[in-house]
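S.K.: Respectively, the protein sequence lines represent chains A and B. Going by the numbering used here, the first residue of the first sequence is number 1, and it counts up by one from there. Going by the numbering used here, the first residue of the second sequence is number 1001, and it counts up by one from there.
Note that these hints are calculated values from the structure, not bench results. Do not rely on the hints blindly, as some may be mistaken.
Unchecked claim - Listing some non-contacts, in silico: residues in chain A with all C-beta distances to chain B over 10 Å: (1) G166; (2) L250; (3) A261; (4) G275.
Said to hold, decoys possible - Where chain B lies over chain A, by a calculated footprint (3+ residues, C-beta under 8 Å): (5) 13-26; (6) 132-140; (7) 229-239.
Claimed, not checked - Cβ-to-Cβ under 7 Å is the rule here; a few derived chain A residues that face chain B: (8) V55; (9) P58; (10) L69; (11) R70; (12) G107; (13) D124; (14) V169; (15) R266; (16) V268; (17) L269; (18) R271.
Quick caveat: nothing in here was measured; it's all calculated off a predicted structure. Just so it is clear, CB atoms sit at the ideal spot from N, CA and C, and this is done for glycine as well.
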Amino acid sequence: MNAETGIETTARGEAWLAALSNGAPRLDGYPASVQVADAELAGRPVRWIAVVPDVASPFPRARHGEVGLREGWSLARAVHDAVLADRDAPAKRAIIAVVDTPSQAYGRREEAFGIHQSLAGAADAYATARLAGHAVIALLVGKAMSGAFLAHGYQANRILALADPGVQVHAMGKEAAARITMRSVEDLEAFAATVPPMAYDIDNYATLGLLWRRVPVAHADAPGAGDLATVRTALEAALADIDADPHRDLRGRLGGENRQASARVREVLARQWQG
Amino acid sequence: MSHAAMLSRESFVELGARARARVLLDPGTFRELAGPFDGLTSPWLARQGVVPQADDGVIVAKGTIGGYPAVVLAIEGAFQGGSLGEVGGAKIAGALELAAQDNRQGTPTRAVILFETGGVRLQEANLGLAAIADIHAAIVDLRRYQPVIGVIAGQVGCFGGMSIAAGLCSALVVTREARLGLNGPAVIEQEAGIAEYDSRDRPLIWSLTGGEQRIATGLADRYVEDDGVAIRATVAELVALPPAAPRSAQYALYLERLARYDPARQADAAAVRALFAGDQP
Chain A
1 MNAETGIETT ARGEAWLAAL SNGAPRLDGY PASVQVADAE LAGRPVRWIA
51 VVPDVASPFP RARHGEVGLR EGWSLARAVH DAVLADRDAP AKRAIIAVVD
101 TPSQAYGRRE EAFGIHQSLA GAADAYATAR LAGHAVIALL VGKAMSGAFL
151 AHGYQANRIL ALADPGVQVH AMGKEAAARI TMRSVEDLEA FAATVPPMAY
201 DIDNYATLGL LWRRVPVAHA DAPGAGDLAT VRTALEAALA DIDADPHRDL
251 RGRLGGENRQ ASARVREVLA RQWQG
Chain B
1001 MSHAAMLSRE SFVELGARAR ARVLLDPGTF RELAGPFDGL TSPWLARQGV
1051 VPQADDGVIV AKGTIGGYPA VVLAIEGAFQ GGSLGEVGGA KIAGALELAA
1101 QDNRQGTPTR AVILFETGGV RLQEANLGLA AIADIHAAIV DLRRYQPVIG
1151 VIAGQVGCFG GMSIAAGLCS ALVVTREARL GLNGPAVIEQ EAGIAEYDSR
1201 DRPLIWSLTG GEQRIATGLA DRYVEDDGVA IRATVAELVA LPPAAPRSAQ
1251 YALYLERLAR YDPARQADAA AVRALFAGDQ P
């Protein structure tokens, strides 16, 4: 918890990126909040990308791991550069987004200079990489919130999450949602427990069909050798699953027990489409 | 504008989503899909004490625009603030997916999205967010083949994850009544404090996120009067254009511009115009 702002910052994104990339050097030319490293996974080239806190960021509203103006456009660059570099390569490198982002950045500078466009840049890049044949994976190790998750992770072919209470997915951070709806965090949690898409925890999220797999770990904050091996094995399995999949779109997310209307709407549209 | 012109003008902003879609499509071609009689209402609202709507606030209409096959996706700002839940989000995403499939099979279907939305419907939180991710994916896919045109007419504006969708469109049309931003003013004030963003300071908010500012700073492509005929003509012109590099792919340009901004200075409308105007991509 940051004493000045009351905003929780974690170092999970950085810890997992460093461990999974075997301490490979971060690529130059990115802000300190966007860490990019190239390192192999089971002999295959991977670009690892994380958004991390930078308490010294010149953008005061983007110091706790939020995806802000620079972060969005820098994510776009990190992904597009990999797509361009591999354009004529027979095997395109995988792109793995390590996700621990408390939110998008909320601020006047951000709205003024078009943070929505910056986040669109990032979403564009990940979607373009997926369509170009890169395996794109999101590994949720902490919070995956709202616009930040849309920009960094949600365009992946497969989403994996650590099975840990610190991993949360939502449209609005719990504290902000409680303030906006004028409920206590406890009330919000109790209410969310009865409506699966309103919940923050990863087990409820799994019932929506959006996650490819949950990965059990002993220490989500500081991965040990056993946890690393487990996560690597899961990531390799995800790569193999993507390789075997003829589709590059997101249809694999439509089978959830609590996401049946999404599939039904598509059936109706397809039936009526040709008139 | 003369008095006669003003009197003959038909407001687009005042129309509901279904009527807006009719205005954009060639006369006699409007055909609604997944409509109010198809039994597709939100499975989540009633249990939270919110009365669902038979179309879940999203209209999917097929037809032609200037003779080209097109699908119009119109969000109803009057229902739950245009918020997107599971069903409405799936209607937009699913229609865009089918339009892309059309193109792969030889039918050059275009898409027009009428944004009038606060973003994710908080009562359906993660399903709204997931649907918006699907919408992003489908826009990026479809716009490789044919234009995906966004229109922000007003008065709800376009916020949240759908502002990112607007940022992915091939071209974006705004009016003076439009606002475009990621975070709503009240949320920013809650999160960052009133000194950072005063949600009651309407002149400030409009000066930063209004249609006039977004067009002046190159974050939108066309500025039109609130007039159905003018909006229809603009959209018809844009859907006929060949695919071009979208704004969302211009990371090098925007990173270079941001590097010239000193964030120690709080932003104002003039600073954004100085940095973003002039050298458009």
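S.K.: For A261/A, is the shortest CB-to-CB distance to chain B above 10 Å, so the non-interface label stands?
M.R.: violated (5 Å)
S.K.: Quick one: see if chain B covers the stretch 13-26 of chain A, three-plus residues with Cβ-Cβ under 8 Å.
M.R.: violated (count 0)
S.K.: Given P58/A as an interface hint, is the shortest Cβ-Cβ distance to chain B below 7 Å?
M.R.: Holds: closest Cβ of chain B sits about 4 Å from P58/A, inside 7 Å.
S.K.: Say whether it holds or is violated: L250/A keeps its Cβ farther than 10 Å from all Cβ of chain B.
M.R.: violated (5 Å)
S.K.: Would you check whether D124/A satisfies its interface hint, that is, whether its CB is within less than 7 Å of any CB in chain B?
M.R.: It holds, given that the least Cβ distance between D124/A and chain B is near 4 Å, below 7 Å.
S.K.: Taking the least C-beta to C-beta distance, is R70/A closer than 7 Å to chain B?
M.R.: Cβ of R70/A sits 6 Å from chain B, so the hint holds.
S.K.: Taking a Cβ-Cβ distance under 8 Å as contact, does the stretch 229-239 of chain A have three or more residues in contact with chain B?
M.R.: Contact hint for the stretch 229-239 of chain A vs chain B: violated, 0 residues under 8 Å.
S.K.: Does the claim that G166/A lies outside the interface with chain B hold up, using a Cβ gap greater than 10 Å?
M.R.: Non-interface label stands for G166/A: nearest chain B Cβ at 17 Å, farther than 10 Å.
S.K.: Using the nearest Cβ pair, does V268/A come within less than 7 Å of chain B?
M.R.: Given a least distance of 5 Å, the restraint on V268/A holds.
S.K.: Can the stretch 132-140 of chain A be counted as covered by chain B under the rule of three residues or more with Cβ-Cβ separation shorter than 8 Å?
M.R.: Result for this restraint: violated, n = 0.
S.K.: Given L269/A as an interface hint, is its Cβ closer than 7 Å to any Cβ of chain B?
M.R.: OK, holds: L269/A within 7 Å of chain B, min 5 Å.
S.K.: Can we keep the V169/A interface hint, with Cβ of chain B closer than 7 Å?
M.R.: This interface hint holds because 6 Å falls under the 7 Å limit.
Of the hints listed earlier, those the structure fails to meet are numbers 2, 3, 4, 5, 6, 7, 8, 18, in rising order.
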